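Engineer: Each chain, written out:
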Amino acid sequence: MRRRSRSTTARFASRAAGAVAALATAAMLAGCGASASQPPAALPGTNGAAPASSSAPAVAVLPVDAPKFAIPSDLHLVIEADTTGDTTKDAVLLDAEYQFYGFVEAISTGDVKDANFKQWTNGDAYAGLSQSVQTWKSRNERLTGTDRLYKRTVTMSKDGSQAAYSACEDSSQAYPMKIGSNTHDTNTAGQGNFTLWQGTFTKRAANTWVLSLVFTKSGASQCVVG
Amino acid sequence: MRGRLNRLLVSLAVLGALTAGPIAVAGPAQAASGCTSSGSGGTVITPPTIGGGNITFNMSVHVLTANVCPGQGASNDSSWTPPACWWQPVFTPDQLKTFAYDYYADASSADLTWAKMTEYYETDGGKGETTPPGYKSTSGPPYSNWNIGADPGGTWWSIVFNQNMVGTPQFSACLLHTMNNDGMPWSWVPNGDAAPANVTGPLVTREELAEYLASIIELPASDFSSSPANGQTVNLPMWVWAANPGGGAGPYTPQTLRACMAIDPGFCAQVTATAVSFTVDPGTPRAADAQVFDPCKISANGTVGAPYTGQAGNPPCGVTYLHSTNQGQVYQPSVTVKWSVAWNGGGGGNWPKIDTMPGDTHQVTVQEIQSVVGQ
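Sequence order for the protein chains is A and B.
Taking my numbering, the leading residue of the first sequence gets -15, the next gets one more, and so forth.
Taking my numbering, the leading residue of the second sequence gets 832, the next gets one more, and so forth.
FYI, nobody ran anything at the bench for these hints, they're computed from the structure.
From a predicted model like this one, the values you see are computed outputs, not experimental measurements.
Wrong hints could be hidden among the right ones.
The calculated DMTMM-like cross-link candidates involving lysine to aspartate or glutamate, where the alpha carbons are at most 25 Å apart (straight line), are [as the list claims (entries may be wrong)]: (1) Lys142/A x Asp1013/B; (2) Lys967/B x Asp1013/B; (3) Lys52/A x Glu64/A; (4) Lys947/B x Asp1013/B; (5) Lys142/A x Asp95/A; (6) Lys928/B x Asp1024/B; (7) Lys97/A x Asp925/B; (8) Lys97/A x Glu950/B; (9) Lys947/B x Asp982/B; (10) Lys947/B x Glu64/A; (11) Lys928/B x Glu950/B; (12) Lys73/A x Asp1013/B; (13) Lys97/A x Asp933/B; (14) Lys928/B x Asp95/A.
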């Protein structure tokens, strides 16, 4: 009993740069043979893509012993600091951060079998996100700008084997860009830039978690800012 | 129906669209209401969506047949909550093995998930060893070779989600019930058994399937024709009706939506929405500004009221405005159609479900009567 929602088409996702799906395309620098460390192209209108605003909460920084992720230098991933003080939950949040970086790296390499991607993603989540990787690759587009995660929460199952994960994503400062182009497209997604992510991390080993299920909702009221 | 399902799966495969949507809408369906519906609705209780788009996996296990108008109308219904998830049959043994190898298999020794999974479902670690003598599909866990070829036959169940519920507390709760009591995502149910006994999540029932259908059925928009369409005159009736301009059935015939599990246990559920009332709001600031002729009865073939063809007298359905609109002012009449949604199982909780579909407003101006004095 509802209006059929206008399906968010691939084109929309592309133009909109909404969500990590768009983020997924990022890193396509690798697709044109450049390394991820190549200096960013001039991007009129990106405003320098400064991470969030000056009033934003502290940004989580990857631990010194974190894996190395190849993220294009003109794409900024901002994950707001959100430690809970609970050892297990913090471990999930850290693995969720790695999962996010790994996913973006998979886009960067265009390789659904990217090791850092598979390390933190399996099952339905892997099936879905792999398709996203391939979709963005097929469009010959990537993402530039800033993509931000915030309001991240974790709830543990009673037996401690599953963790319900939730996060908001702000892609309003992110822009789709054709590979090889030095100008980005307009981000027309509006509130669609604010995406709710919900998923399940499952325990794969002591203090080690992998994303097994993931869902997104574009324009979710919980995530819309401004 | 079986043939249709097969074609659907084939087309999905060709498109490379994958799927996890346990329910796929089969179409096109011929709408009985006069709507020209294709009925190609898309997936439902689905798997992950990425960036707002549906991500589907090659495990479509439901078929929906639709007989609905396309994408019109919206509900302000809030009297009940559709299911956010349930466990249901998702894979045959062969399908599960393929899925697991495609999306879980990892050669890295660090992946204990895959090691445990193969230990649980495969036993022989994929070495192609023969199933042990006397092995039954119900012998596990541990199971042998994902129960391929084992007797008695059956299906692997897992949790599936209603993506329309993402962001709700019910959905969040579902995320903690994605594993069975052994910490594995799929549970075996031999043919004839109702459901797995080793899961804590909700198990699909026909009624829940019906509730899901009731939550997604798309109903005809609430709207009307009128004469005159604009430029009303004070104290003269505006006729209001709903009909198919081409004749035949009107827009408010019963709408049905049906879904079936595509693999065992293969049960189906169907919901039928019946329009029960058509209410005219004259759209005036004060009720005293208008007189409504009602009830605007919905006929058996889905029409309401009577088209104005020059008849004298009051209409069976309509409005007479008693005061003119001021300069720059408009009245905004609209109609609201209330639907009653029943399912084919009878009984159960909170049926029929009432769905009220408000319509868009029209804009009319109303003038004072202008007498024409003959010469």
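Engineer: With reference to the structure, classify each hint as holding or not holding.
Structural biologist: Each hint tested on the structure:
Note on Lys142/A and Asp1013/B: the hinted pairing holds, with a Cα-Cα distance of about 14 Å set against a maximum of 25 Å. With a C-alpha separation of about 19 Å, the suggested pair Lys967/B and Asp1013/B falls inside the 25 Å cut-off, and the hint holds. For the suggested pair Lys52/A and Glu64/A, the alpha carbons sit about 19 Å apart, so the restraint of at most 25 Å is met. Among the hinted pairs, Lys947/B with Asp1013/B is consistent with the structure: their alpha-carbon atoms are about 11 Å apart, no more than 25 Å.
Taken as a hint, the Lys142/A and Asp95/A pair is broken in the structure, with Cα atoms around 36 Å apart against an allowance of 25 Å. A threshold of 25 Å between alpha carbons decides the hint, and for Lys928/B with Asp1024/B the separation of about 22 Å falls inside it, so the pair holds. A distance of roughly 23 Å separates the Cα atoms of Lys97/A and Asp925/B; the hinted pair therefore holds under the 25 Å criterion. Among the hinted pairs, Lys97/A with Glu950/B is consistent with the structure: their alpha-carbon atoms are about 23 Å apart, no more than 25 Å.
A C-alpha spacing of about 24 Å is found between Lys947/B and Asp982/B, which places the hinted pair at or below 25 Å, so the restraint holds. Straight-line distance between C-alpha atoms of Lys947/B and Glu64/A comes to about 34 Å, which puts the hinted pair past the 25 Å bound. The straight-line distance between the Cα atoms of Lys928/B and Glu950/B is roughly 13 Å, inside the 25 Å bound, and the hint therefore holds. Note on Lys73/A and Asp1013/B: the hinted pairing holds, with a Cα-Cα distance of about 22 Å set against a maximum of 25 Å.
With a C-alpha separation of about 11 Å, the suggested pair Lys97/A and Asp933/B falls inside the 25 Å cut-off, and the hint holds. A hinted pair counts as satisfied when its Cα atoms are at most 25 Å apart, and Lys928/B with Asp95/A qualifies at roughly 23 Å.
Hints 5, 10 from the earlier list are contradicted by this structure; the remaining hints agree with it.
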